[in-house]
Each structure stands twice: as structure tokens, then as C-alpha cells.
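Number of protein chains: 6
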Amino acid sequence: MHELGVVHRNIERADRTAADGLAAFGSATVHEAMGRVGLLKPYKRPIYPGAQVSGTAVTVLLHPGDNWMMHVVAEQIREGDIVVAAITADCTDGYFGDLLATSFRARGARALVIDAGVRDVKTLEQMQFPVWSKAISSKGTIKATLGSVNVAVVCAGMIVNPGDVIVADDDGVVCVPKALAPGTLAAAAAREALEGEKRAKLAAGVLGLDMYNMREPLARAGLKYVD
Amino acid sequence: MHELGVVHRNIERADRTAADGLAAFGSATVHEAMGRVGLLKPYKRPIYPGAQVSGTAVTVLLHPGDNWMMHVVAEQIREGDIVVAAITADCTDGYFGDLLATSFRARGARALVIDAGVRDVKTLEQMQFPVWSKAISSKGTIKATLGSVNVAVVCAGMIVNPGDVIVADDDGVVCVPKALAPGTLAAAAAREALEGEKRAKLAAGVLGLDMYNMREPLARAGLKYVD
Amino acid sequence: MHELGVVHRNIERADRTAADGLAAFGSATVHEAMGRVGLLKPYKRPIYPGAQVSGTAVTVLLHPGDNWMMHVVAEQIREGDIVVAAITADCTDGYFGDLLATSFRARGARALVIDAGVRDVKTLEQMQFPVWSKAISSKGTIKATLGSVNVAVVCAGMIVNPGDVIVADDDGVVCVPKALAPGTLAAAAAREALEGEKRAKLAAGVLGLDMYNMREPLARAGLKYVD
Amino acid sequence: MHELGVVHRNIERADRTAADGLAAFGSATVHEAMGRVGLLKPYKRPIYPGAQVSGTAVTVLLHPGDNWMMHVVAEQIREGDIVVAAITADCTDGYFGDLLATSFRARGARALVIDAGVRDVKTLEQMQFPVWSKAISSKGTIKATLGSVNVAVVCAGMIVNPGDVIVADDDGVVCVPKALAPGTLAAAAAREALEGEKRAKLAAGVLGLDMYNMREPLARAGLKYVD
Amino acid sequence: MHELGVVHRNIERADRTAADGLAAFGSATVHEAMGRVGLLKPYKRPIYPGAQVSGTAVTVLLHPGDNWMMHVVAEQIREGDIVVAAITADCTDGYFGDLLATSFRARGARALVIDAGVRDVKTLEQMQFPVWSKAISSKGTIKATLGSVNVAVVCAGMIVNPGDVIVADDDGVVCVPKALAPGTLAAAAAREALEGEKRAKLAAGVLGLDMYNMREPLARAGLKYVD
Amino acid sequence: MHELGVVHRNIERADRTAADGLAAFGSATVHEAMGRVGLLKPYKRPIYPGAQVSGTAVTVLLHPGDNWMMHVVAEQIREGDIVVAAITADCTDGYFGDLLATSFRARGARALVIDAGVRDVKTLEQMQFPVWSKAISSKGTIKATLGSVNVAVVCAGMIVNPGDVIVADDDGVVCVPKALAPGTLAAAAAREALEGEKRAKLAAGVLGLDMYNMREPLARAGLKYVD
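Protein chains in written order, with this note's numbering: chain A, 1 to 227; chain B, 1001 to 1227; chain C, 2001 to 2227; chain D, 3001 to 3227; chain E, 4001 to 4227; chain F, 5001 to 5227.
Only true hints are included.
The calculated SDA-like cross-link candidates involving lysine to any residue, where the alpha carbons are at most 20 Å apart (straight line), are:
no.	chain 1	residue 1	chain 2	residue 2
1	C	K2041	A	Y43
2	B	K1041	A	R45
3	C	K2198	C	D2210
If you are wondering where the hints come from, they were derived from the structure by calculation, not from laboratory data.
The model shown is predicted, which means the values in this text are computed figures rather than measured ones.
Kindly produce the complete structure, drawing on both the sequences and the hints.
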């Protein structure tokens, strides 16, 4: 359940090295490194291609059509944070534009992940302030009802706790619980270390069937070849 | 209800200065300047990023899978118009491609807004003929049934009357009724004049909470801070 | 019905000249040249703009969340093929990334058309390995259940038989049955030959109404002009 | 565009005989009698099966998540009206339940057609107060912002003017413009008079191919029979 | 690809005993008996609850908004058939109502499965003529373009060949290829024979964990119990 | 993030009186009594109309297409529980049918709330075992991968913790956190006590405008009446 009308000022943020370091691996590798969990639903898309970030989550819970709490969350942003915005019901309105992006950036935010719409996307790309949203919409919002800041939220189907690490790129958005961040960083690095060698083999024409020793289990599962 | 089989040749177009001048403000500012109405649903997206236009609407009503009336509306286009195409039922077929774009441009059209699909999008981008559509599809259409030109239509959930002003950019598409166009131009200009100063303050780290005097109303609404 | 657990090694591929030559015409012209059939549903989109390809289909049928057969199909790829991947139920998981693309390319594949998600899209664009998919998702897959290779599949609503020609570009994806490929190539060429002249006329302001002699049939259908 | 903050008290309602008589023919026949226009999009569904009504539209325009104007429109209802509720943006909240239904019925309303959600559907069925909605949802709404009553609205893609006739049943919802209501009643009656005889023939095994003389036009269009 | 303008009069129908006998087992059991393939996508729903049928498929391919071929397929129906209607592009129009149902029934049809909309659903339920569709819509169709009868079609994502067996109930619709029908009947019967005993055990409180001997494989897979 | 491979055997269940008593008020009243939070998204629908239940949540997290953990959760059910099933990615497969319902009921379960599909719905209705699901599908599942039991899950966009109270009826599904259950029961009762009197007034023709004293605030907000 969502707690309304409360701003938690002191949150425990994930280990800084992990929070900063996970960006380099990207969402797909991090998702694998966590055991294939933590991914927000794939309708969450970047508003422009090419951005790849990680940071610590500050969360905000808003109501449909009302972005009042965006100004409240701005004050809670610290250097290296990513704002994660959830809405209490489905909404595609444009909660966020270039003015708020200017404010968020000035406070130290690296990105916004929002389960609604945003606007001024051309300017946001010029500013290189990345956003992952479910819609782009000119539709403005009012400032009338209280939500909360730094409570656990559900964003695109995933629980995000304040201080968790968010990793986002063109493939999607992953949430790494703060306690797991250092381990995930190590696992992602280990995983990526193996990829270079594999890529070289595959580029040389070696088949995954052979490289991963799949022929025997496939045959055991009953795969038949027909000429 | 939709009137079928009729072409209205003489329509009253919105004030030219307003119709031309609104482009500079973009759909989000214009939508706000109108009191947050007039927006087409956000599934309406540009086929390529970066275009920003405004112009007077000539409207066309078509049937699913039938683009015959596209040729009829071409004749009614005047310099500075934007064609707004509505369909009598949901359809994603490709009603429009580079040949029609060539024709529309030759007649003076600035853009197309269509509640269906288009094709030849690579060529359309090369031509820089902007289109806002709900789909991209190779699927061709037939030429068999009558619709109408320059009647009131519903496009992406919004009533558009012939002669209204259309403002479209990466954030979406807004329809400004012709009678409101001059006032909306003034309101948009006034609105934008305030934004530069706000942006500078926010960039300097001033919070919206303070700039907009929100702390007192938030407290009154019951917002609690927890450490 | 789908045949499971079988790999057909010897398939008849469409005529090479047709399979290679259709790319130049693009999906919209090819779809028209076939009598407006063969199009995959328009939710199938390129992961980056600008690619335009044709080739012979090798097909693979997979289960939701399981990409094991991707490694099996890799071995069946020959120079000039396009892999067409169908799933036995709706799924948006990321079945394919840069490692598999490296392998597919090494085997001669030109592209992937998949009725699910892919990942590593930034790298895929850098490699210029085009993919038409229904989603982009970091979500990884397991390798546990058998599907089939080179059976008839349904991809985005269209039957694709192994060896058919696939034509794909920014407008969509068309499947040309292998027996119809040479005829479709001829028809597409004929169709395109007519377009240059039409474009010139339209650019000069000639109306489609006149160029296509539509005024009389429109009047006969009952179209009325009102001043 | 939508006019906000206005209640039109005196509206011209469609001819009473037509408004009452169209119910008997149902939405499909009325839609055909109008020349196949006027239909609201088919996502609009009855909350329980079996109701079949017609009446004069009183319209209300509301904001997402805000049902304040439902109480305003209640006062404008007269005997034989159907309330048509449109929302300025997509919303599935439950705007209406058994209390409002009690009030609407007491004022003379026959039904509600709403482009959002409703709740208390079990009680509404017990009361036999029919509703056509796009969702069923427990989610409540606030009472904070002004909309309008008895302005032209777009509901499920169709323009509805106050006083138009609404015809709704298990097949959907049709809007008949008030000026066309008497003619549509006559056309629907004529149409239905022909159906009894057709039904008897078809039940006896006569084919539509013969009854409608389709064999010749089908052959002319090129239909081929293969044994 | 779809073949247009052809009616195949002589099709091989599946074994009658199997085609008739599969109804009793229902779509879920038949789908399992086939190895979990053959299911049409679950958006295909019955227009009223409770019908459970099986029969041999006669197929018809139609264009969006055009039901002309419905009259052509009527002539090809024989006692015990189920009509399977596919559309060349997405469409929700009401292709079928009580008149066509009267005709289909008079020809021997048991049901309709259609990848579009139908209307007159209240009357269809009174007639007890079952339909599985993707929409209910009053919207009528025209009779202008040729499709085909008794060609392979794709309906709700599944290939259906003329003569295949269709099994449909409240859980969905399955297609059993004609060659597999007798074997599937036997497999379904064997499957169901085991269910009575299982149900009795489960009703007595025996856990599936024990009845299916799952505890050991779950432990081996790593499942941990925490108190 | 989701914890995988763990079964929590000892969970704290909400107060029994509250858990049992909330059913009588229904999801809409309970949602209001909680301050309009706690609602699962409205795509979650009952498989048959009329059921109204409440109980304590036991939760299960499953993978797409895999219902193995359904047997694991069965053992953890106690009298008065409602099983809440979440899936790690979107899926409409039929995870649950009459055999599992027999088992769940034998263990004491009152209902199932699942963010996927179910089957055997006709039998489930005959058994009067209510289910709220997002789909109905014959599609079976495998038993291959571990999920968890009695961990926090996200179901239809809402966080559900083991032991929370679930209230479900035709209007939707609400989750009441266990700590809030007694207070919510009291608030719901208080709310309902007021409704009888209101209903009587409204039925007598009193307007909400007057009963709720809305005329003055509406005027203050600027509402204008036009004759």
C-alpha cells in the first residue's frame, strides 16, 4: 500500500561505488547478474536514444494528472540520484518538462524514470537530461493533491525502495536493491569479462551449439534433424 | 455525426498571424495557454523527431482502408494549411506516402495529422514533410468510398473544425479553435516570457517550492516531513 | 499447428536474384506488387531507422522466455538469409542481443525478424545488424525447451514458410512466398517505373484528381461540392 | 475544443417519438439506417447484458479522476434523458456508482454512457440502471475541478451534441443527431420490415448468394471456384 | 501469403468421430493432449458463456470492413462444420449477425470463430448459435472485395487449414490438424481418465506436492523453507 | 526486487475479524475507507459475476508459463486465506484450473487473485471458487523453475505483503495492509452507515448539489449557468 502525505528526508543510499559503477554494464547485463529479476516492464522507454546511466533512487508517488510532489522531491535530490516517479493510477499526462529538468539537474539528479508522460522532449534531449517514461504528452498537470517522497513505490510493475540503484539504457530500466548493489557490480563485471572471448569465437563462425556444448542436451531433449 | 460525400470549398481560416505564430511556442505551451484543453491523444506521434509546425486545418474524413478522399482534399489545400485526416473506424493502414506528400506540398500544405498509418517514412523525412500519425504501415488502401472534406471531424479524440489552428511538435498535437487563435497566441507569448527567468533561478538551485511559494499550501494540505 | 522438436536442414530457398533484388523496392511497393497481401502486422518495428533489406527466410519457432532454438537456427543460416522467429505465445522478452547477432552475421544472416523482444540495441545499431521486433527488453531468456527450425510459422499474423523472401524497411515487413518472388520482382519494378513521372507531375501541382481521372467516378459516386 | 466551466440549461432535445422509438430497433439497425455512421468505438461495453434503451443526450465533460460535474449534470436531467459523460483525457476511474444512479433515476435518466469507469456494478444491475462504460473500477474520484454540462463532447470517438438521440444495447452505442432522428426512425422501421422475410428464407436454406443476387457480381469481380 | 479470389469446394475433412468427439473434452484438455500447441490467442472470447463445441473447419478470408465472402462461405458449409473467419488486417467491425447465423445454421454450421467483431449478440444467444470473436460491434460492413474460401488462414495467431478440427469453449479455441485428430481424441480421453482420481485425492486434502512427487525435485532445484 | 527460491512458512496474518468482516463492504467502500489507495489495476476481473470475498493473503511468485509454485503455495494455505499470484513478466497463460481449485479449497482458500490467466472457468463457476485474473486461457504451463511463496509481490501494480487483507468483488480487488485492517473495517462501517440516508434522499429527488452543499464552492470555482 502507498503511504500518502509523507516526505522521508533521510534515506539510506546504496554503496556509491556500486551505484556509479553499474552504468557501464547496462541494464541487460545487470539484469542477468541479478539472476534475471529487477526489470521494469518494457513499455518504459527512453525519450531519446543513447543515454546510459546509473544512480541512487529517490522516489516520489503522485496522483493522476497532478505533479505537485515533483517540486517536493526536488528538494530531496542529492548528487548522483535518479528520481523514480510512480502514479497511483494509470496516466499518460506530461508531468515533467525542461523547467523541472533544470531544477532536478541543479540539485544533482542524473535522470528521471516515470510511470507516466513527459514533455519538452526536444529540449530535454538538447540538455541531455535522460528520461525513461511510458508516454510523451503535452498535457499539463495540476498541483492539488499530496503524494509522498521516498516511500516504497511500484514503478512499471517493479518495487523500488528509496536508495536502491537504478540502471537504465536503451534496453530498459533495472532496479538493484541497495543491499545487493556491490555483489551485483561484481557479478556484472565477471559476466562481462567472459563476453569478449565469446564474441571473438562467434565472430569467427564458431556456433553457440558447440561453444556452449548444447548438442548433447538438445539430442537428449529429443531434437531431430531432417534432411 | 459525420457528414458523408460533401466537400466544403470555402472555409473560414483562423487569423494568419496567429496560425503562423503559434508554431514557435510548441504544443505544450499552447495547450497550457488554452487552459489545458485541445490536445489530441498522445498516441499521435511524429514519424521523425524535430519538426515543429503550425497552420490552418483542412479536414478530411475517410473510411478504413480507403484513401480516395486524400486526392479530393489535396485540391482544397492552400498555402499554410495542415491536413487533418480522420477515419470512421480504427485503422492502421498506410493512407499516405511520398507521392501524396509531393502533391500536398505542391499545394502549400505544411504537414499531415492522421488518425491512421502512413508509409514511405524514410522518404518523408528526407523531404522534411512532417506527419503525426498513429502507425507506420506499408499496407496500401483502395479508392472506393466517399468521405468528406472540410467537415468537423474527431481526430485522436479531439474535435477539429476546418480552419482551426493545429500546433504540432515532438510533444504532441494541439487544436486551437479559430476564434481563440489570436488570444492563445498572446497567452502563449506571455507564458513563455515568464519561463526564461524561472529557468535561470531553477538552474541556480532555487527550488520550485520557494519560487512558487508552495511550502505553506503543502503544509496546510497536511504534508509531513520525517527524518 | 506447430511442429515441435524438428530441424529441417534442407529447405528450398526462393530464387536468389529475386530474393536479393526486392530490397531496393521497399516493403510498401512490394506489398502493392503482390496485390496488397503478405504484410506482417504493423506493430513489428525496426530497432533503428534506415535499414532496408531482403533475403530468404530461415524460420525458428520458440517458446515464451526460452531462446534455446536461436542457437540451433544459427547453424542453418546461409549467406543471404533472414531469420524469422515466431513464439508459441505472446512474449516481449529479449531473445537476442549482440552475441547472437555476431554469430548470425558470421553465418551469413542479413537481419532478424522476431515476434518478441531484443536487447543490446545500441550495439546492434553500431554493428548495423537490423532487427524488426515487437519490443525492446533487457529481460533474458532460459534455454530449456525444444522448438523447431525451418517449419511454417506465424509471425505477426502472417504465415512464413522457410525459403520465402522477406522484405523489410522503415515501413514494415513483407513476406513474399518463394514461388511468387520472381513475378513480384518484375511487378515491383514495373510499378516503380511509373512513379517517377507521377512524382514530377504532382510536384508541378497537377492534382491526383486529374492525373488519375478521378473526377468523373467521384461525381458518379455522389460527391457534392458546396461553396 | 472543449468549453470549460459552463452549464447550458436550455437545450433542444430531439423529437420525443423518435428518441423513444429507436430503442426497439437496436444499435446495429439504427447504425445501418443512418448510413453506417454514428457508432461509438466498440470498447464501450454494457456493464450487464440485456439492456436496450434510447433517449435524449444530456452531456457532461469531466476531468480525469474528478466526478464533481456528475452532480451538476444531475440537475439538468429530464425524463427520458441518457447522460453522456466524456473525460478530457483517458481515465478508467470509477466515476459513478449506486448513489449517483439513484439520483439520476430520480431525475428521469434512463442510462449512462461514460468514457471511463464505473463501480457498484452488482447493485446497478439489481437496480436495472444500465451503463455503457470502458471500464469497471472501484477507484474513487475527487471533486475539485470544473468541467461543463450540455456542451458538444467527444465520447469514445464520436461527437455527441446535447439533445441528440442515444441508442444502446448489447451490440454498442449509436448517436443519432437530433435533426436526423425522425428520418432515422423511419429508415430503421423500413429496414426491419424487410428482415423477417429474409430470415424465413435463410432459415429454409436459401443462400444469401441467391437471395441477394450476388453470384453474377462475384463472378464479374473474378471469383473462381476450384474442385 | 493469402490466396485471393478462390473458393475451394472439395476439402478433406477430419475424421468425423474425432471431430465430433473432441467437444466433450474442452479446449484445455485438447490443448494439453496435443502437447500444448494449437491454441488461438486468448483475446478470442465467446459472445456468451457456456457453449462447448467441436467440428470441422471451413475457412474464409475477408478484408477489413467487408463481409461479402460470408455469403460465399455459407454455400460451402456442411453438417458438422465450424466456420473460421480471418481478416487480412486488424478489424473489429460486426461482420456477422442473426441473419447470417440463421443461414449458417440452416446449412449445418455449429459455430463461428472470427478474428473480428459480430453483432446481434442477444439474438445469437437466444438462438444458441455460439461465436468466438475478438469484439462485439454494431458496425456494419460492405460487400465489395473478394477474399477466399477454404484456404489456409491465420486466425488469432494460429494457422487453420480447411478440414481441421476446431474445439471451443469458455476457456478458448484450439485447432487440431486433421491428421492428428484421432490421436488427439485418444490422448484427451486418456488424460481425462486420470483426472477423476486426482480430483478425489486433492479434494481429500492430499497435496499436489505429494501426489506428483514434487518435493524431491523442488529441493534439488534449491527451494528453501524458512520458518 | 523479487526473492526467488524461498518459502516463508510462518507469516503474520491480519486480524481475523477485520479480514473476514471487510467482505461485506466491497472493494469500492474499502478503497474509499483507506483514503483511495490499495486498488489493483482494473484489468483484474472476476471470471464470473457475483462473488464478494475477503481474506488473508498468501502470496506466490511465479515465472511466465510455469505454475510449479502453485503446488508449493497450496501447502501454505490456511482456512480463510486468499492466494495472490504474481508473475515475473507479463503472461496470459492458464496457470490454474479445477484440479488446483479443488486442492486450494480443501486447504481452506477462499479465492485466487492472479496476474495471469486461468482455465476451466465453467467448472470453477460451478464450484463457486472465485478467481480474479487478467485473462482466461486454455494454455497450459510447465513445472520447471523456482519462484517463491509468501514474499512481497507486485500484483496488477499493487504491492501485496503476505498476511495483508484482500477484498474482491465485481468492482475490483483491494489490498489492505495488515496493520491497517482493523481501522479500515471501522472506517468502512462508518462510511456505509451514512449511505442509507443519502440514498433515500437522492431517491426522493434531492440533488447531490444540495445534499453535499456544492453550489457555493462550484460558484466560487467559476461555474456559469447559461440559459
